[in-house]
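**Q** Single-letter residue listing:
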Amino acid sequence: MGALQPPDQASPEAPAASAAAPLYARRQAVYPKVVRGRVRRAKWLILALCLLLYYAVPLIRWDRGPDMPSQAVLVDMQAGRFFLFWIEIWPQEVYYLTGLLVLGAVGLFAATSLFGRVWCGFTCPQTVWTDLFMLVERRIQGDRNARMRLDLKPWTREWVVKKALTHAVWLGIAAATGGAWIMYFNDALEMTPRFFTGQASLEVYFFFALFTATTYLLAGWAREQVCTYMCPWPRFQAAMLDENSLVVTYRAWRGEPRGKAKAADVGDCVDCRACVNVCPTGIDIRDGQQMECIGCGLCIDACDDVMTKLQRPRGLVAFETLANLAASEAAAGSLPPGSGRRACGMQARRAPRFLRPRTLVYAAALALVVAAMAGAWLLRQTTSLAVIRDRAPIFVRLSDGGIRNAYMLKLGDKTPGVEAYRLVLDAPAGLQLIVLDAEADPAGAPVLTTRPDGITQWRALVTAPAGLRLPESLPVTFRLVDAQGRVAVSTGSAFLGPKP
Amino acid sequence: MPTKIEKDSVTGRETTGHEWDGLKELNTPLPRWWLTLFYVTIAFAVVWVILYPAIPVSGLRGLTGWTARGALGPEIQAEQAKQAPMLAKLRTATPAQIAADPELRNYALAGGRIAFANNCAACHGAGGQGAPGGFPSLADDDWLYGGSFDAIRFTIEHGVRNGEDAEARGIAMPRFLADGMLNAGQVNDVADYVLSLSGRATDAAAAGRGETVFAENCVACHGERGEGNREMGAPRLSDQVWLYGGDRPSVLRSIGYAHAGVMPAWGKRLDPAVINMLTVYVHALGGGE
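Keeping their order, the protein sequence lines are chains A and B. Just so we're aligned, residue 1 is where the first sequence starts under the numbering used here, counting upward by one. Just so we're aligned, residue 1001 is where the second sequence starts under the numbering used here, counting upward by one.
Hints listed in this document are in silico derivations from the structure and should not be mistaken for laboratory results. Everything numeric in this text was worked out from a predicted model, so none of it was measured. Using N, Cα and C, we set each Cβ at its ideal position, and we do this for glycine too. Certain hints may be false.
Unchecked claim - Below, computed lysine-lysine pairings styled on DSSO-like, alpha-carbon distance capped at 27 angstroms:
no. : chain 1 : residue 1 : chain 2 : residue 2
1   : A       : 162       : A       : 260
2   : A       : 153       : A       : 163
3   : A       : 33        : A       : 262
4   : A       : 410       : B       : 1024
5   : A       : 33        : A       : 162
6   : B       : 1007      : A       : 410
Claimed, not checked - Label-pair distances were calculated between CB atoms; the ranges are:
no. : chain 1 : residue 1 : chain 2 : residue 2 : range
7   : B       : 1100      : A       : 49        : 23 to 31 angstroms
8   : B       : 1097      : A       : 98        : 20 to 28 angstroms
9   : A       : 400       : B       : 1212      : 26 to 34 angstroms
10  : B       : 1123      : A       : 84        : 48 to 56 angstroms
11  : B       : 1175      : A       : 391       : 36 to 44 angstroms
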């Protein structure tokens, strides 16, 4: 019965099946078995590095002078500043963050097209924390079989004690996670004592609780369901993969047909299910590429272990490209199982092609964004002058018949020092500039002073005396001139008057 | 729900029965916890409706008695407590002192802006540009009652011709034509003379006759050369700013029927700190005097 068969030819017992068709499925419990090997070691190392980075970064100090936070990485929501070592970013420069996010996304695409789902399998926080939680679970409740036995007899004394202990440790880790999170938004050394003495703000406790709860739920309970049901990335990462990407694969040409180790005329796969038992998402890699596979490669370690014991070459499950898989299949698929087929299949493989149109496009995009961000950063101005023309009234007629426009000047200074600039109006002769409450230099030009790491506001009045004939709209430019006579900033605006 | 369930031959799984151009969708069941969560949200909603005001019928308040206004109360109080020291300073300082202190001045400009939008903008415009028909512009350099800090403060506090404050600014101008003090010809003549004060083309002969009428009827308030009088709020007639319009018909109407703009005495309505902030803000609109 084919999928394309018209419904009216469906089997007569079909209506009965509708009652059985489940709309909602119970979660299939996954009990991953402990595994040792090269991939597992790499995963432990990356896990340790990620956690170290996450917990240690807020503790790094960075001296920025008095009245400034001395934390190297800090998102200061109250002051509206983002600090990253020597870099300080204001809210209106959020495009640097956009650039970082674009970099992250394109980097993810590039890594995926080269090495498959390395992000998912090794560095994604969901994977890192789930791995950590599974370690705790294993240490307290035992390995796969012990945990399955334990769950068969719930509410026994052993079950209650072990489960309670596991959840307590999980909650402890979750709390440490939530606690570290708030350190990125508050000074870590100053916040920690306040946090423990109950003097921190409600927001701090709220976000602490939020991240504690999400860590506990996502890493303790939801686990692989986050990847299969919640995360959008697995749904479209296939668009970045092609036949030249290194993905976790089962070399079916070598393993099939499956059979007992001592049986004749069978492939290398002994159907021991070691790869299935260690899988954190509970799938069978031998079914081919699947959305649920996060590419962690633990099945590689499990299979390698079995192959070593059987004194067969490792790599029945391996990081392999689909192109090589097809080449091996074409070369060795029809040969009888054994060392001849193995050698022939392995010989047909080619080194993965890393330089492909797809990866070159990603590399070009990465280079472009990096160049744009570096350029923007190097050309970044620390002094800014915004000129906001009054719109109500558009212009004022003075008692002598002159015309006056008013402007709001916002002078921003992103450096910690106080600077003074002469304000010069670049406009046709006759227009007079006054800045209310500003000092004047000996020549009579208004002098504007900045506020360290802040904005000062000034009100400027520009007057055209009666009788000066001007167009309805006249472009004018405000220039800030420093002590050396250099123009620091120029900002254009307009001087409006009645129709001539 | 599909009535006929069929199995997909490739995957061996059931389809939903939905078909698009020969493509069929596999039935991929949602996780059970999702369903549970859905029921939890429904239960949550029921509890919410009981506890909080959720039904827009007056009297249905919810068991907790929660109101948005009540929840805001502590926040308002906290804000007021935060502002209290600043407002105390603004209450005791004079507007000139406030303007000289950068911190107070910034605060007063920000607070004055809000207070102006709430209380003054309806007549004087959002930017103090004024409006035709007797609402003077506050952004120009022409001040009916003076543009110094003290003069502006006094005007705001006591208002203009409002009948509620003994010290209110301004006196009423007579209705020269309506009350029969001048005849139509005299009003015409004096209008020509008034227009000539600010240098506009007029009938020279009429203006000459009007000068006599002006000297007999208008100089007491508007001055010998139409320079105005701030004590009485008599506008200057020799400049280019016209509160009620500077064309001939408008001037004729002003002389014949008079105008008497009014303004409330804000001293009876606003906190002295707010009046000080408004003073500093209004002074900054056009640069004051």
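**Q** Sort out which numbered hints this structure fails and list those numbers smallest first.
**A** 1, 4, 6, 7 and 8
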